[in-house]
Amino acid sequence: MSEKTDINAEMNRLLARATRDRSDIEDLVVVPVFAVIVALILGAATMLATGVDLATIGKSFVALFVGSVGSLNAISETLTAAIPLVLAGLGLALGFRAGLFNIGAEGQLLLGGVAAVVFGFSFPDLPFVVLMPLCLLAGALTGAFYASIAGALKAATGAHEVISTIMLNLISYRLLDYLLRSPWIQKEGRSDPISKSVPDNAQLPRLLDWIEPNLRLHAGIFVMLIAVFVVYWILFRSKIGFAFRASGENPDAARYAGMHSGLIIVAAMASAGALAGLAGAAQVLGVLDRASPGFSAGIGFDAIAVALLGRSHPLGVLFAGVLFGGLEAGGRQMQVDAGVSIDIIGIIQALIIVFIAAPLLVRAIFPWGFRRTGDNHGGKGK
Amino acid sequence: MTVATTNTATASGQKLDVGKQRRARITGAVMIGLALLVLLVLGVDGGEQATFRLSRPTDTWVLPDLVVPAGPFNYVAATVLAFLGARQFLQGGVRWTSLSLGFGLAILVMAFLVWATAGKAFSLTGMLQATMVRAVPIALGGLAGVLCERVAVVNIAIEGMLLAGAFTGALMGSLLGGWGGLVAAVAVGGAFGFFLAALVVTFRMDQIIAGVVINLFVLGLTSYVSSQVFADLRHLNNAPVFRAWKIPVLSDIPVIGPMLFYQNIFVYGALILVAIATYYLFHTRSGLRARAVGEHPRAADTLGVNVYRTRYIHVTLGGMVAGFGGAWFTLGSVGRFDENMTGGRGFIGLAAMIFGRWHPVGALAAALVFGFADSLQQKLALLRTPIPSEFLAMSPYIATIIVVAGLVGKARPPAADGKPYVKE
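Chains as they are written, first to last, in my numbering: chain B, 1 to 382; chain X, 383 to 806.
Looking at chain B on its own, in the form it has when it is part of the complex (with noise of 0.2 Å):
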């Protein structure tokens, strides 16, 4: 009696394996996948419903493709709009991994770029290999700085993090206009909010210049692979990383088993800030040359649903904001070819988040392409 339970359970056992294997993959690809169909459908739906005729939405399409991966330009493209969404989305999913919701990697990197703008301009003099780098790491530290003010606030006193970081956004818009019109960061001669312009050996050499001189493609994109494989093996090789997600997973078991719940929370803070503010300095050392007002152009608040679609996995995190580059730029290209408004990009975008933070969802729709198993409302709602 006895041998034959446990032979069933045995059994369960294997097969509940087989079968997660099975609704992993159905996570990780197919249910991205259908997303992205959808939510590009129900773009289309909405430039329907705004009195867009069905060729301008072809033509949209199209130009959405092209301008993505249709030329080398396109492609280039693509990779400089990803890595600042790449670098601020790592930073958002390794606080995702430590049970963070931080909404501030607009602040964050806003203020990391004003950092690599300030401090590339105070040190012209300084030799490339130097000051470049250097340019690199104020804008880190200045973004982990703002971001562990969340941290300490929640890890002190519990302030929920959520709306202490949305603040921290608000503020920093503020205190951006005051320090671009303040006279040492002001660039001489304009009475707008401006920067002084970053001197050439603290920028981001161009990396494709030598084929057509436009081609933006930066070295940021080093910084940024660097940026996965560290994220990659701080979070699932480290020590500190294991803190985090034993916190993330389970604040209580984590604290039980001694490990210092504030000082996660701050670190955890910390790191996603220096992420965002390393996005920003990348930005401006690589793209924009200078600071204004609202540069970030809401890449911090795109990273939020880059680390959400990349799972809060470094690799997926890295696809994510390929994809959202290329989303991004087929979209000024579908600006200019069609007259399709860009933020239409910013619908299809939360969409996309829509359906992949609800597969269950995804599969009411799509009932087809996924295997009917018994414990069809799961997912870890348990």
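Some hints here could point you the wrong way.
[What the hints assert, rightly or not] Derived, one-sided and incomplete: chain B residues facing chain X with beta-carbon distance under 10 Å:
no.	residue
1	156
2	162
3	173
4	178
5	185
6	240
7	336
8	337
9	350
[Unchecked claim] Reference listing, derived: stretches of chain X covered by chain B, where coverage requires no fewer than 3 residues with Cβ under 8 Å from a Cβ of chain B:
no.	stretch
10	582 to 589
11	601 to 614
12	774 to 787
The set of hints was computed from the structure by calculation and includes no laboratory data. Glycine included, each C-beta is placed from N, C-alpha and C at the ideal position.
Got chain B; can you put chain X on it based on the hints?
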């Protein structure tokens, strides 16, 4: 064994006390710091006086101006702050830590006002009126949050719902007139509430992610339509604005009359909704059931309350309240929609809800504090203080952080807040 247990209990008890004491000490130190700030930065030389106007010459009852000698007032303020701070710091503040912090902050604001107005005149009535107006979207956002969180659904999407309400108000208001726009804004807010409920209750999506997604979606959609459609067809973005209604007699009361009884329907609506929600949640049977769903869904379910339906209904109602609050931005003030015009008010509303301890009246009171900070910043720009306007513009957000971090320590959200419920 028993000894060990007792020891642990005592130790944790002591630890709690130590935590409380440390908190009180920090509060005390902060307040002493504020006292020094008042003394050194906000000190006013000579015999300058701050004049606060309490009424307009055209009012029925004209009150004399309130004239405060600025220098002595701020010395007194600094002394009171220092006393409160020292008391907290030395005694480890057994009682009234939060109360004295709140009182201290109020004194700080008064000292700041007196310092900014020294040698000038300032209309207190006008500022209170503006406070009420600016508190409306925050209070309605907070009320929407209360309705959702009382049934244990965290609603980060209030910002998006406000924005959707503002957009719909402008669009439908231009087509159908003010009342049509208002009804449509409420309906669209409700639709997004229903959508959020569907995502988190039926599809069991993470509540924070669902909220963030709705925010992104609404921001994308409204920005897209306003740049794709409104740019060409301007008549679609030109809604009539609800004017202020003067309630006879009551609006003639000095100081608070114009603040409470000479406003547009959004102010009256917010006050009435707060009253209704308070009565509903705390004095009716279905309100009790809703709160039970928020505290212990399994127990509520066992007693025959339909948890899913309760959550759907309340989150939809919350969305409708937020939609009404959103209409304020367009139908209640400027009549036209701008991209991202809510500017984080929904999140401040959320903070107001936490500050107000998940109670409608508390949320309204907190919203008034934020509205005060907001209108103060506007009025101070006119007084030409040496503080850069950007820093004044930050003040509501800094206040939010301080409030969420400092004063909420003891507040307790509904026990099941943020957790999905899976019926067995």
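Consistency of the hints with the structure:
| no. | hint | verdict |
| --- | --- | --- |
| 1 | 156 | holds, 8 Å |
| 2 | 162 | holds, 6 Å |
| 3 | 173 | holds, 9 Å |
| 4 | 178 | holds, 4 Å |
| 5 | 185 | violated, 13 Å |
| 6 | 240 | violated, 24 Å |
| 7 | 336 | violated, 14 Å |
| 8 | 337 | violated, 15 Å |
| 9 | 350 | holds, 4 Å |
| 10 | 582 to 589 | holds (count 5) |
| 11 | 601 to 614 | holds (count 9) |
| 12 | 774 to 787 | holds (count 8) |
Checked against the numbered hints above, the structure violates hints 5, 6, 7 and 8; every other hint is satisfied.
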